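In the order they appear, the protein sequences are chains A and B.
Residue numbers for the first sequence follow my numbering, beginning at 1 and rising by one.
Residue numbers for the second sequence follow my numbering, beginning at 1 and rising by one.
Honestly, the hints are just simulated from the structure, not real lab data.
Please note that the accuracy of each hint is not assured.
[Unchecked claim] Some chain A residues near chain B, calculated using beta-carbon distances under 10 Å: (1) Phe24; (2) Ile26; (3) Asn85; (4) Asp86; (5) Ala98.
[To be verified] Pairwise CB distance ranges, derived in the manner of DEER restraints: (6) A:Asn44 x B:Asp219: 20 to 26 Å; (7) B:Pro23 x A:Thr91: 47 to 53 Å; (8) B:Ser258 x A:His3: 32 to 38 Å; (9) A:Asp107 x B:Ala151: 20 to 26 Å; (10) A:Lys104 x B:Asp219: 41 to 47 Å.
Values in this document were obtained by computation on a predicted structure and should not be read as measured data.
Note that the Cβ used here is the ideal one computed from N, Cα and C, for glycine as well.
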Amino acid sequence: MKHCLVVDDSRVIRKIACTILESFSIAADEAEDAATALNYCRVNMPDMILFDSQLPGTNGLEFLRLIRREPNGHHPVIVVCTTENDVEQITEALGAGANEYIMKPFDREILESKLAQVGLI
Amino acid sequence: MTPAEFWNLADLVRRRSGLVLTPDKIRFAESKLAPIAGRFGFRKSAELYAELAHPREEIAQAVAEAMTVNDSSFFRDRAPFEHFRDVTLPRLVKARETQKRLRIWCSAIAHGQEAYSLAMMLDDAGLAAQDWKIELVGTDFSAEAVSRARAGVYSQYEVQRGLPIQLLVKYFTQEGENWRVNDRLRHMITFRTFNLLDHFGWLGTLDVIFCRNVLMYFDEHTKSDVVHKMADALAPDGYLVLGDTIGSVKLRPRFEESDLRGIYAKPRAAGMKPARAAG
């Protein structure tokens with residue numbers, strides 16, 4: 001079973017994302033901030049990270065770079081999920097290590113489409 | 001809408017577009033007709049329903065267009081497009097390396113996502129830089145759908161259904177809340193309103209036909225007629241790409257399934273046998 005870490009400061013968004021992921025037989029864990037997520041990944045690198053790059057007090061791009069520098073940091077598919085939707089921000093995220101990008105708001109169909117694109121389903 | 005009015009509608013739509021409306025679509029029909037009634041100045045939808053037995057030409061066409069299904073997405077169902085990129089296109093490029101010309105028809109394009117998906121793949125293949133002439137034609141029964149496709153403007157929701165983010169960045173520019181396909185891609189496609197019930201002669205000989213998720217809405221006679229016309233228009237080594245759901249479409253003897261579900265080729269000429277390995 002594939003394994004995803006959902007990183008978002010909104011408990012509601014985390015629950016919605018986890019429910020959708022689990023409906024596709026992807027095991028999902030949650031982290032509410034980048035530091036927790038980084039510690040989690042150091043112990044148990046997931047197959048995918050669904051990451052809100054606008055977490056309070058977090059430099060989203062720096063988080064992406066830190067993950068990619070970890071041992072096995074190349075392994076997870078990283079999908080940035082954010083309300084930032086201009087081309088420059090998308091390009092920066094891709095340059096920092098993101099594989100895909102979801103512009104909020106999203107729904108089940110969009111997440112399903114992205115999971116298919118990155119080969120998780 | 002009364003049953004009699006619905007049958008008048010179904011008859012009108014079948015004669016104009018070949019689409020079969022079954023009685024379970026009555027609520028769908030009412031929701032689609034409400035804006036048509038407003039556009040043509042009817043005070044109530046019921047007044048439009050009463051007109052359906054003998055409608056004016058412009059009303060009949062608007063009603064028939066409104067009943068088409070325009071839902072689509074970029075790289076819809078993925079596999080047919082990956083097959084096009086990885087198998088169909090390389091085979092045809094090899095087969096046409098002398099002529100350096102490919103003709104592809106994307107029929108029933110709805111709002112254009114599938115046609116642009118093909119255009120992105122063709123652009124990425126870099127054939128134009130090698131002096132290939134690529135003709136990509138996108139058609140739909142609905143003039144409104146063709147107009148939207150030609151404009152190439154999509155909502156944030158639409159560009160997130162099936163379109164990899166790298167391709168969004170490469171081929172689109174942001175316009176407020178929407179995203180517009182760049183001119184280079186738009187100019188790769190010739191858009192045209194076209195009814196699959198009409199003659200295909202103007203299309204000439206085609207190397208690939210995409211006709212996805214359409215035939216199942218037609219009656220048996222129309223399905224058969226369209227399949228024969230597509231077979232006549234397709235080059236002997238061309239490909240027909242249908243949707244996963246083709247219902248009761250009878251493709252034999254004009255087509256046989258290729259190495260991927262939903263993709264069809266013409267049967268090899270009778271008497272032709274595969275070359276036997278030496279020894």
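Structure-based check of all given hints:
| no. | hint | in the structure |
| --- | --- | --- |
| 1 | Phe24 | 15 Å, violated |
| 2 | Ile26 | 18 Å, violated |
| 3 | Asn85 | 7 Å, holds |
| 4 | Asp86 | 6 Å, holds |
| 5 | Ala98 | 8 Å, holds |
| 6 | A:Asn44 x B:Asp219: 20 to 26 Å | 57 Å, violated |
| 7 | B:Pro23 x A:Thr91: 47 to 53 Å | 51 Å, holds |
| 8 | B:Ser258 x A:His3: 32 to 38 Å | 37 Å, holds |
| 9 | A:Asp107 x B:Ala151: 20 to 26 Å | 25 Å, holds |
| 10 | A:Lys104 x B:Asp219: 41 to 47 Å | 44 Å, holds |
In terms of the numbered hints stated before, the structure departs from hints 1, 2, 6, listed from lowest to highest.
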